[in-house]
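Protein chains in written order, with my numbering: chain A, -9 to 318; chain B, 2 to 321.
Hints listed in this document are in silico derivations from the structure and should not be mistaken for laboratory results.
Take the hints with a grain of salt, since some may be wrong.
To be verified - Across the chosen pairs, the derived CB separations fall in these ranges:
1. B:I119 - A:P283: 39 to 45 angstroms
2. B:E151 - A:I8: 18 to 24 angstroms
3. B:P276 - A:P297: 48 to 54 angstroms
Yeah, the Cβ is synthetic: ideal placement off N, Cα and C, and Gly gets one too.
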Amino acid sequence: MPAEAPPLLAIDGLRVAIGGRSVVDGVSLSIRRGEVLALVGESGCGKSLTALSVLRLLPAAARVAGGAIAMEGTDLLALDEASLRDLRGNRVSVIFQEPVASLNPLVRVGDQVAESLRLHRGASAAEARTEAVAMLARVGIADPERRAAQFPFELSGGMCQRVMIASALICRPEILIADEPTTALDVTIQAQILDLLKTLRAEAGSAILLITHDMGVVADMADRVAVMYGGTVVESGPVDAIFDAPAHPYTRLLLATVPRLDGPRRQELKTIAGAVPDAAHWPQGCRFRTRCPLADERCAEAPPLEPAQGDAAHLAACWHSDRVGALA
Amino acid sequence: MTLLSVRDLAVHFPVRGGAAKGAVVKAVDGISLDLEAGRTLALVGESGCGKSTTGYAILGLERATRGTVAFEGRDVTHAAPAERRALAGAMQIVFQDPSAALDPKMRIDASIAEPLAIRGTPGAERRRRVAELLDLVGLPAGYAQRYPNELSGGQRQRVVIARALALSPKLLVCDEPVSALDVSIRSQILNLLVRLQDQLGLAYLFISHDLSVVRHIADRVAVMYLGTIVEQGDTDAVFAAPRHPYTEALLSAIPLPDPRAQRQRQKIILSGDLPSPLAAPAGCPFVSRCPIRIEDCARIRPVLRPADGGTEAACLVRAG
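Isolated chain B (complex conformation) (with noise of 0.2 angstroms):
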C-alpha cells in the first residue's frame, strides 16, 4: 500500500534582503516520490540539495510553494493546524543531533512522554507506555528517571527514537540519524532501526548523504541535486547501474575501506563546486559539473525516464 505520495512537491524561499533580495531560492523544485508501507526510501544528495527541506515539507515544517503531499490517500499538503496536530501521531521525524533534539532539563521520561500528555493521556498510562518504549529501543527501565548529559551520544539518539515513537507513527522522517555519532555507535543506532522496521511495520524517510548507509538501509533510493531527483530506483539497481553522471560521480567519490580496491578504481572527480541555488541553470542542473554533458543539456531540464539499468534518470544523454 502507498502510505506517502509526493506530487511536484516545491518549496521556494524568497530572498528578504541583501544584494540578491526578490530572487527565489528554489530549495525544492517539482520532486514527485512514493513511500510504500513499512518499507524504507533513502533521499540522498550534497549539503544544499533539498533533500532536508523535502522531509520538513512531507511534515509541514515548510510550507509548500507547489505541488501535493498525500498521507494514505489523504491530500495533506495543506493541513489545518487541527488536522496537522492529527497527523503529528502517524509522521515523525528523528533528527541528526540527539543532543540538540532533547530539553537538557527535562527528565528522560518525562522527554518520552510529551507527545502522550499533550494528547491528554493519562499518567499511569504515559508511565507505563514510557517504561514500553525504553525497552523497545533497547535502553534499561531506570533510564527513565535520568537527564539526557548522564547518557552518552548513541543513548540520547535511542531516546529521541523513542519519543518519536510514543504515538505510534507509520512513517518516520529520518534526518540523517547516524550522522553526528561515533563510528563505533553507528552500527547499533541502524541494527534498531531496522529492528523496529521490521518489529513495527514502519516506513522510512531516510535523508543522508552516507551512501553505504543507504545503500544498508534502504529498499529504494532517490538521488537529489539542486532540489531536483536526477535518479531513482531500487537500492540496488542505483548502486549497481546507476545511469545519472552525478549518482555514477557520488558513488565513485565514496573511499572504500578496503586499501586494494581503493587503489584500483576509477574515480570520477567532479570539477567545481554546486552553483548557487540562486543561479540555478535553465537546463539540467548538473551541467555545470557534468562530464558528459551535449548542447542541449544547457537548454532542455531533463524528466525522469527509464534507463536502461533499472532506474529513472534524469539525462538527456544516458535517458533521452
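Pulled out of the complex, with its shape left as it was, chain A reads as follows (with noise of 0.2 angstroms):
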C-alpha cells in the first residue's frame, strides 16, 4: 500500500465535551484502507468517546463539540440519520466490549447476525440466514445451524462475543471500531478472536480501529499506534517505533510498568506515581506532567505533537522527548 493513499478515515481536531467540560479535546487521527490503528490508553482518556464519535453513538449527556470526521471525503458529523443508518453495520460496524449488553436479548442470534444482509443488501429471509449460520462457523462456534436458532443467553459470554463479530463482520465493513473486543474474554478465547480479526482483515480488507489498553494485544495487531491521555494523542507512530523508542515519558513509562514474560522475577516494577487524573483535574499545560519524572516548568505551557527522532511517522507532544529514553 503506497504510504501517500489518502486515508479512509480521516478525524481532525474532534472535541467531545460532557457538561460543557471537553473530555476528548483536539484528537486528530487518520487510518488507511485496510490498516489497523490501535487506539491505547487507561480509562478516561478518551479513547472510546473518539472512536463512538465515528458513528455518532456517543453516550446522551456527551456531545461532538468540534472537529470534522470524514470518510472518504464524506463528513460522517453532518450525515442525517438516514445516510447513518447505512453506513452503520454495513460499511461501518462496532464491536462492543460488552457481548451480552449488546445482543438484543429476545431476538435470536442468528437473525441478529443476518438483520444487516437484509437491511443493507436487501438479501432474502432464507439467503440471510444460511449466510449468517456460515458466518457464525466462520467466528469459531460449534454446531452453527443448532446456536443460530437460540437465544442471546443460552449462550456464554464467549460466544455471545463472537455473535456479535459475525454481525458487525457479516456485511464485510471498510472499516471495523473495536472497543476492548476481548477484555471480558479469557486469554484462550481472546487468541481466537484476534486471529479470526487478522483473517478477516486479509480476506476482506477491512480497516481496523482497536481501542485496547492491552499492550501485548497492540503488539499482536496493530501497523501504527496512538497513545491517548487526558483527552488528547500524546504520541502515535508505526508500532515497531512506538514499542522500539517510545518518545513521549507516559508511553515509555506505561511499557516498563507491565512485568515481561522474559523479564527478571520479583524485581521491582517500574511506577508511574499518582493515579489517572478525571477531566476536572486535568493540569493546564502537559496533562501528564503531574505524574510526569521529566516534568519541568515548561511543560506548564501545552507541547505540540511534532515529529520525533526526525521521524515524519512518529509524533509524540513532548518539551523533553529527547530525554525519554534515559526514563526506563
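Could you fit the two chains together into a complex? Lean on the hints.
In C-alpha cells:
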C-alpha cells in the first residue's frame, strides 16, 4: 500500500464535551484502507468516546463540540440519520466490549447476525439465514445451525462476543471499530478472536480501529498506534517505533510498568506516580506533567504533537522527548 | 515449613432449579496443594476453572464437599464458628474490586480497624495500629479520616490490603488483586505485595488469570482447568517447559508486548469453549479441546505425574 494513499477515515481536531467540559480535546487520527490502528490508553483517556463519535454513537450526556470526521471525503458529522443508518453495520461496524449487553435478548442470534444483510443488501430471509449460519461457523461457533436458533442467554459470554463479531463482519465493513473486543474474554478465547480479526482483515481488506489498554494486544495486531492521555493524543506512530523508541514519557512508562514474561522475577517494577486524573483535574499545559518524572516549568505550556527523532511518521507531544530514552 | 496443605479438596454445588435440576456442578473436584510459609503459590486458569472457589473453600467461605484443608498442621476443613473466628486472624483475603470491598459510608480508619474492633482491641491501640498499617501500605496518615470515594482505585486497594493485615495474618488469599486496576497502577500494588511479603513473611495464595503477573510474583504455579489441577511446578519450570497441552496453549495465547517477537511466535489456537461444568468429560477434562488427545483420554482421568521439564502434569500422552 503506497504511503501517500488518502486516508479512508480522517478525524481532525475532534472535541467531545460532557457537561461543558472537553473530555476529548483536539484529537486527530487517520486510518488507511486495510490498516489496523490501535488506540491505547487507560480508563477516562477518551479513547472510546473518540471511536464512538465516528458513528455518532456517543452516550446521551456527551456531544461532539468541534472538529471534523470524514470518510473518503464525506463529512460524517453532517450526515442525516438515514445516511448514518446506511453506514452503520454496513460500511462501518462496531464491536463493543460487553457482548451480552449489546445483543437483543429477545431475538434469536442467527436473526441478529442476518439483520444487516437484510437491511443493507436486501437479502431474502433464507439467503440471510444461510449466510448468518456460515458466518457463525467462521467465528468459531460449533454447531452453528443449532446456535443460530438460540437466544443470547443460552450462550456463554465468549460465544455472545463471537456472535456480535459475526454480525459486525457479515457485510464486510470497510472499517471495523473494535472497542476492547477481547477484554472481557479469557486468554485462549482472546487468541481465537484476534486470529479471526486478522483473517477477516486479510480477506475483506477491512481497516480496524482497535481500542485497547493491553500493550500485548497492540503488539499483536497493530500497524500503527496512537496513545491517548487526558483526552489528547500524546504519541502516534508505526508499531515498531512506538515499542522500540517511545518518545513520550507516558508511553515509555506504560510499557515499563508491565511485568514481562522474559523479565527478571520479583524485581521492583517501574511505576507511574499518582493516579489517572479525571477531566475536572487535568492540569494546564501538558496533562501528564503532574505524574511525569521529566516535567519542568516549560510543561505548563501544552507541547504540540510533532515529529520525534526526525521520523515524520512518529509524533510525540513532549518538550523533552529527547530525554525519554533515559527513563527506563 | 508447610503452612497450608490441601488434600483432594472438592466443592460441588447442587443445581437447585431449572432444566438441570438435580445435577451437580463440580466447581472444584479433587485438588491437592501445599504452600510454604512466606512463599507464593499462584492458582491460574480461565473463568469457571474453580480457582476462586478453591480460595474460598480454604478460607471456609465455601463448604468443602470432600477432602481436607490443613493450616499449620491442623485440620480446619470444617472448623466450628469459634475456631473459624480465631483462624480469621491468620488467614485473610484481598478481593479483586477494592470499590466493592469497602463500605462507602465508613471512614478509612474505621474500615481498617474493623477486624480489631471485632476482637475488642481498645480504641487507643486501634488508632496506633491503623497509623502503623497506613504507613505499611504506603498511604499518608491523613487518609485515616477520608472516605473511599476520596481515594483512587490504587489507594483503595492499599486500604483493603491494610485491613487484611490488621490481625497480622500468615496467609493472604489474593483473588485477582490487580485485575480491576488501571495499568499504570498495577505495578505499584505488585511492588507493594512483594515488599510486604519480604517484610512480614506472608504467604500468598495468588489467584489470577494474568500469567505475566503470576510469573513476576509466584514461586510455584498450579494451572487449573474445569475444577482440577492439570499442571503444577516451580514458576520457572512451568513457564520454561510446560508439558500439559493446556498450559502450553495458555502461555502461547498471551500476547507479548513486543511486536517483532509477536510476529514470529507460533501460537496454539484452541478451538471451542470450556465444556459446561455440568457435562464435564469422564476422562481428561481437557479432552474436548486438546490438540494431542488419544483415544484413552476420553475414558481415563489422568493424575499428576512428574514430567520431563520438571513440572508435574496430568496428561496421559506427555506424562503417562
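Verification of the hints:
{"no.": "1", "hint": "B:I119 - A:P283: 39 to 45 angstroms", "result": "holds, 43 angstroms"}
{"no.": "2", "hint": "B:E151 - A:I8: 18 to 24 angstroms", "result": "holds, 22 angstroms"}
{"no.": "3", "hint": "B:P276 - A:P297: 48 to 54 angstroms", "result": "holds, 53 angstroms"}
Hint violations for this structure: none, all hints satisfied.
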